[in-house]
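Trainee: Sequence:
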Amino acid sequence: MAQQEQRPKQRTTSATGNSKHKGERRTASAQPAKKHSASSFERKDKRSSHPNASVTKTSPSGKPSYKAKGDKSRGSAEEVSVGNRIIVTIKRIGINGEGVGYYKRKAVFIQGALKDEVVKAKVTKVEPTYLHAELTEVEKRSPDRAVPPCPIYEACGGCQLQHMTYEAQLQAKEEIVKESFQRYAGIENLPIRPIIGMDDPWHYRNKAQLQAGMEGSQIIVGLYAAGSHRLIDISGCTVQDPVVNQVMEQVKQILTELRIPIYDERRRDGVVRTIVARIGRASGQVQLTFITATDRIPDVKRLVERIRAKLPRVSTIAQNIHKEKSSLIFGEKTVILWGEERLEEELGELKFALSPRAFFQLNPEQTVKLYDKVREAASLTGNELVVDAYCGTGTIGLWLAPLAREVRGIELIKEAVLDARDNARASGVENARFYEGYAEKLLPEWVKQGLEPDVVVVDPPRTGCERSLLQAIIKARPKRLIYVSCNPSTLAKDCQVLLDQGFILEWVQPVDMFPQTSHVECCVSLVRK
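Numbers given in our numbering equal positions in the sequence shown, counted from 1, plus 33.
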């Protein structure tokens, strides 16, 4: 399991009213791209909303028609239907880790296929501009193909790239970033730096939040298999910290022994919905949280006693109450059943105190490398005012504070703001202040009051920045803008808006925060003309 954590950062609502959990909103302008002579790249005009389209000719109506790039077939797209067996040469890896090839003028997405492989596949879905197909046989094998060490890799779906060598994973992620900027920002020659990988790309996750369920008489904890409601037990996950795995195994046994009911979503009956375990790498302590559908946990006293006896690393046992039917993991109310209210953690020289709901990066080793690039992009001299527009628990703002005159962080979640203030005190940082609210509202208010930020940092959810926030940043006219992103597509779309309004893209630094998955983090340095 290596899915990214659902971040309790700023709630965003797109222009169409969709929340950050819905599909990506379109931010790219349809106008031809402008050239920026001061930068090291060239931009091409946008030609189609479809990712694999290129202009081939002009129709009788005068509008351009499109053809999938690299397609040599003369066959009609209408000939393809669900169940057809096809042979495809894979050209690249897609943003979700799937192999992408072309068949009869359509892009084909095939999970498990690798670049340069020739594969046989069964068509499972037909759309006007693309196909989905299931891999049935590899005719020409890539030298980058590897045997996944995880026994439930294919069933789980939390990882997408274990069937690739790690070097090939890094190369594919660089290509995903380049492809996103070509597609959504029209940038052909992206000033991209080599991706920063890990020496040991396993056992890096410091937190697991796993759904609880029953398999016969056995309690299991894990993820739902892709496209189904079948729970896959992943308590021995190869990308989780081994201590977290150990905690999950013991907790399952204790719940079974005490016969504490597991929540059943279909019947809406039971108690324990989700189990969350987080380890502080600096302290070695574990924060354990039960997310329940009820106010009380049966036999809670013995539950606490058993956990304390069998898991001495656990320093906090908490209960979070979530009664509503929702895709969100946590509810609003958290009760400490035993132990410390917060988990102590360190990041570089900074100290953090994390409440059960607090967001913290899942891969601390790579986080330090990422934040060092943020610091480089900020180019601070000690005289700058920095605004961190999605500050969460204050990690990036506090990382920059020693080199800045003042840092102001903005965050919507009240608990995260309180954590950020506590983290500043714990680290002895006196020039950082954190405010609760919407960045797209607070930043314009500050500008009206005469505030002139020198540097703005954004680290938004996967849906990217609110358009209103981008406009607020443009009006604030900071000298530097650092964009930290976990989604290359929305990153590229937002960058196009900024480039069209006078910013210049200096460089893009990919960081592999989640090895074995298709996720790629980026730090982008932009400067105002």
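Quick caveat, the hints were computed from the structure, so don't treat them as lab data.
Any given hint could turn out to be false.
With a straight-line Cα cutoff of 27 Å, these simulated BS3-like cross-link-like pairs (lysine-lysine) come out [said to hold, decoys possible]: (1) LYS173 to LYS137; (2) LYS512 to LYS562; (3) LYS384 to LYS356; (4) LYS447 to LYS358.
Trainee: Against each hint, give a clear statement of whether it holds in the structure.
Mentor: Now the hints, each set against the structure:
1. With a C-alpha separation of about 20 Å, the suggested pairing of LYS173 with LYS137 holds against the 27 Å cut-off.
2. Taken as a hint, the LYS512 and LYS562 pair is honoured in the structure, with Cα atoms around 8 Å apart against an allowance of 27 Å.
3. Only pairs whose Cα atoms come within 27 Å are accepted, and LYS384 paired with LYS356 is rejected, the gap being roughly 33 Å.
4. This hinted pair checks out: LYS447 and LYS358 have alpha carbons roughly 23 Å apart, not beyond 27 Å.
In terms of the numbered hints stated before, the structure departs from hint 3 and from no other.
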